[in-house]
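If you're matching them up, the sequences are chains A and B in order.
Taking my numbering, the leading residue of the first sequence gets 533, the next gets one more, and so forth.
Taking my numbering, the leading residue of the second sequence gets 533, the next gets one more, and so forth.
Think of the hints as simulated: they come from the structure by calculation, not from any bench.
Careful, some of the hints might be misleading.
Treat identical chains as interchangeable: a pair holds within one or across any two.
Here are the simulated lysine to aspartate or glutamate pairs, EDC-like style, with alpha carbons at most 16 angstroms apart [said to hold, decoys possible]:
hint	residue 1	residue 2
1	550	622
2	565	764
3	565	735
4	786	721
5	554	715
6	677	548
Computed from a predicted structure; not experimentally measured.
There are 2 protein chains.
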Amino acid sequence: MAPLSKNKIKYIHSLEQKKIRKEERVFLAEGPKLVGDLLEYFPCRFLAATSLWLQSHPNIYAGEIAEVSQEELSRASLLKTPQQVLAILEQPQYTLTPDIARHSLCLLDDVQDPGNMGTIIRLADWFGIEDIICSQNTVDVYNPKTVQATMGGIARVRVHYTSLPDFIRSQGKEIPVFGTFLDGQNMYEQPLAANGLIVMGNEGNGIGKEVEALINRKLYIPNYPQGQETSESLNVAIATAVICAEFRRQAAWK
Amino acid sequence: MAPLSKNKIKYIHSLEQKKIRKEERVFLAEGPKLVGDLLEYFPCRFLAATSLWLQSHPNIYAGEIAEVSQEELSRASLLKTPQQVLAILEQPQYTLTPDIARHSLCLLDDVQDPGNMGTIIRLADWFGIEDIICSQNTVDVYNPKTVQATMGGIARVRVHYTSLPDFIRSQGKEIPVFGTFLDGQNMYEQPLAANGLIVMGNEGNGIGKEVEALINRKLYIPNYPQGQETSESLNVAIATAVICAEFRRQAAWK
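The shape of chain A in the complex, shown without the other chains (with noise of 0.2 angstroms):
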C-alpha cells in the first residue's frame, strides 16, 4: 500500500473543480455507507481508508489503496468530519436513448444547488425514476456535495445533459410533458399518466421561458389551507418529491 503523498492530497481536492472532474472521467465519494454501496457499482481508481475499515473489507478492487491515519484522511477529506474511507470512482458514461421517455423522467432545467441535486437523485431513486435529464446549466451530478447527498442513489439513477428543449421536440406530441406553475391545474384533480416528462425548474428563475413553451400539462402543487399568505413557492427538492409521490400514489394506489 503506498501511503498518501501530498501530491495525491492536492489531486484530491482539485476533484472540487468540475473541469478536473470531466478531464480525469471521475468523481470522490467519502464514508462508509456512500463509498460501500458505490464501489458495487463504479470502478476504483484509488482509495484511502484507516486500518480499521480496510480490516473489515478485506476484498476491495481499487487501481490504489492507501492505509492512512484519522489525521491524513482529515487532511484529504472534503468533509467537515471525514469517516474512515474516501474513494476516486469512475464516472459511468450513460446513452440517451430516443425511447427513453416511456419511463416517467424528471427533467432539471439549470437547477444550481449542489444539495438539492443531490436530494433529487436520492428521491428520485425512492420513486423509480431511473433517469434525469439536465439541461446544459445544471450543476455538476459529480460535484462532490451532490455526490453525499444522493446517499447512493447515484448508483441507481442516470443523469444526463442535454438540451431541454430538444430533447422534449425529440419526443413527439402524444408525450405529456408537466410542469409546477402558479397558474397551474391543482395536481390532485388531474389524472397523471404512468409515463412522461416532469420539468423542474431553477431555484430563484425557474423554469426558463424555451421550456414552458413546451409544456403541455401545467400543475400546480396546492398549499394549505388554500389562500391563505404563505411561502411563495417550495425548495425545488421539495416540490420534486411531492410531484413525483402523487405520480407514484395515482399510478398505484389510487
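Starting from the known structure of chain A, arrange chain B on it as the hints suggest.
Here is chain B on its own, set in the frame of chain A:
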C-alpha cells in the same frame, strides 16, 4: 447613520454562535427578499444596507442603520454572495399552550442539519402547519443557515423547543401520534387525521426509542415500484413534505 465598525462586524459574525444569539435574543437575516419579508414581523435592532437598497426603502424602522459599500457588506456577511442588506432581528417569544394539538403539528426529534430545518419550516408554512415542536437537541431555528433556508417561513411558523416525550404525554391518548417507519402502514391506505402529531426523526438515527414508544400510528412512505432495490430512506425534509402533502390531500381533495 453610523458607519460599520470593526466591532460591529465582529458582533455580526458572533451571531453564528447559538450561545450569543440566545444571550442577545436576536438572529441574523440577509438579502433583500428575506429581510424585506421579516421586517414586517420582527423588530429590527440593526440594519446594514447599500445606498441603493436604502433609497428604495425610505420607511425602515431599526434601532440602528448603517449605509455600507458592497465591500463593507461582504466583510459583515456570512453568505458567499452578500446581497444588498443584512439585518439583526429580535427573536420572538412563543408560548406552548396545552391545546396546541387541535391543529396538525410537526414534531422534530433531534433534526441536526440547519438546511433541513429551514426547508421544513418553509414547507410547514406552505402546508399550513403553524407550530413545530422540537426536541431540545434539535438544531437552533435561529442558525443563520436555517433562517436563510426558511425563505421567510420563519415569520409565520412558530418553533418551540421542549421535551418531546413530556409534550406527547401531555396531549391525551385520543390525539393520534404519527411517525414513519420501514415497518409502518402504507400511508396511502390509512385515513390520516385532520389534527394530530407528526414526528420526524434525526437524519442518521431516526426517531428516538422513548418517543417511538409513544407513537400510535406507524406510517410508511411507499417507494416505487415496491420491493425494488432503492435508497434506504428519504431525506428528512423530503419525507416531511411528502407526509404533510398527503395529510392535506386527504383533508381537502380526497
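These are the hints, each one checked on the structure:
1. 550 / 622: within (14 angstroms within a copy, 41 angstroms between copies)
2. 565 / 764: Answer is between; shortest inter-copy Cα gap is 11 angstroms, intra-copy 37 angstroms.
3. 565 / 735: between (29 angstroms within a copy, 14 angstroms between copies)
4. 786 / 721: Cα proximity of residue 786 and residue 721: in one copy and across copies (12 angstroms, 9 angstroms).
5. 554 / 715: Classified as neither; 40 angstroms inside a copy, 42 angstroms across copies.
6. 677 / 548: within (9 angstroms within a copy, 22 angstroms between copies)
Violated hint: 5 only; the structure is consistent with all others.
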